[in-house]
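> Chain residues, written in single-letter form:
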Amino acid sequence: MKRNIVLVLLSAAFMFISTIPAMSQARAKKKAMRDMEAFRYEIECVGTGVQGTYLIKVWTYSKKPKVAIEQSKKNAVHGVIFKGFAGGGRGCTSQKPLASSPDVEDQFSEFFDKFFADGGDYYKYVSLSNDGSIDSEDRLKVGKEYKIGVVVSVMKDALRKDLENAGIIKPLDAGF
Amino acid sequence: MKRILSLILVIGILMSGAFGQAKKPTLMVVPSDNWCKDHGFMMKFNNQGSSEELPDYKKALQGSSDLILVIAKVSELMANRGFPCKLLEQELKKLSEESAEDAMLTSKSGAGVAENPIDKLKKSAKADIILQITWSVNVTGPKRSVTFVLQGIDAYTGKQVASASGTGAPSFSAELPVLLEEAVLAHIDNFNNQLQAHFDDMFANGREIIVRLKKFDSWDGDFESEYGGKELGQVIEEWFQNNAVKGRFNTTDATENMMLFEQVRIPIYDENGKAMDARAFCRKLQNFLKNPPYNLPSKLMMKGLGQATIVVGEK
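Chains as they are written, first to last, in my numbering: chain A, 1 to 176; chain B, 1001 to 1315.
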């Protein structure tokens, strides 16, 4: 009897310990989402992408580098829609965001909640370059968290077209 | 009940037809005079004794494949955004075909096509917004880069409505067409953002046009003739005040023989919901002058969506 109780307690403890990393991962994911909503990420231009795409580097903050890499895809699409990015060297040109104002996110919150959810449609418009491998200089430790720079390609023409069709942004020929 | 519903449906369809869409401006990509001069695509002509140089577009299109590439790329990207561009090359071909056909066209009785000097003068490749392109190649040692300028110019007001410019990344190996393609891709979105702002302004504050008023010398009156104690010029200005969007217009020039109104903001739609352009707007002024107490016949000529001239005195 005593032995059975010890076994049950041990397995319960094991189950609890095994869920800790998953729980902390989930917490990190949630935090990364909050960061994205607060525009707490940085985007820089890497070069002129192929036609219909932007080639950008997204700097994402997270305690878990793995979460940061995954979150950088969302941040890239979010940034292209709401933030835009500066030009600079390498022949890069500054680009304005697709949305005319950041308020669009609040106006269409239902649409964007679904769009940026895990497995949401944002995934269709973004791909990691270099299979997501991160250069050592793009993995920075800032205080207690990491700042990870990931190069991604965002299919901005397809994204714009779909946002226009959804009535989120105005097409250039609206009214004509 | 079914009849009422179908009646409502028919009225709805008719209404939607009546409330048409705004007149869409036409776009055409053209090399700048600067680029043509740099590449030797100019023609000289004698303008009443003084020698002038003008860009020779036909020669440029026949002589530069880079130009064709840039025009094709800009046109492709604009078409993706719902604005297919008129092609300069095709417009020039159309013009020469049209004049050849007009020269040969006769009726059964042997009559030719009527054409006055103004008709002849108006035969040129035109669009409402000219997309003017300029580029230059910068060479630093073995590296080359391209400085690219794209300007959107309203053909009537002469104002720049959008522009994008910049210098691409220097490259050791990339060929010029590749650098040019990159430049177009890098700048087209910024250009379109500004074009969007121009259209937004147009829908909010009306289309900007230019109106000229002149008089035929056969008419014994002028713009200083008085009607009910007011000079005709003053009456016309009051008409603009009442009919322009928010009363916005500038009287740039006014003499007894001519008046020039710039920055005239006209409504996008008339009171019946139909799309309006400079011609439709000036037709109203023409009718206003035709009616008592003025009883002035006039001739109305237009140039695209944004410029019209009324010559008062006769048709």
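Where hints are given, some of them may not hold.
Chain A is faced by these chain B residues, among others (derived, beta-carbon under 7 Å) [unchecked claim]:
| hint | residue |
| --- | --- |
| 1 | 1021 |
| 2 | 1022 |
| 3 | 1086 |
| 4 | 1165 |
| 5 | 1168 |
| 6 | 1193 |
| 7 | 1197 |
| 8 | 1201 |
If you are wondering where the hints come from, they were derived from the structure by calculation, not from laboratory data.
If you're wondering where the values come from, they're calculated on a predicted model, not measured in any experiment.
C-beta atoms are modelled at their ideal positions from N, C-alpha and C, and glycine is treated no differently.
> Could you work out which of the previously given hints the structure breaks and list their numbers from low to high?
3, 4, 7, 8
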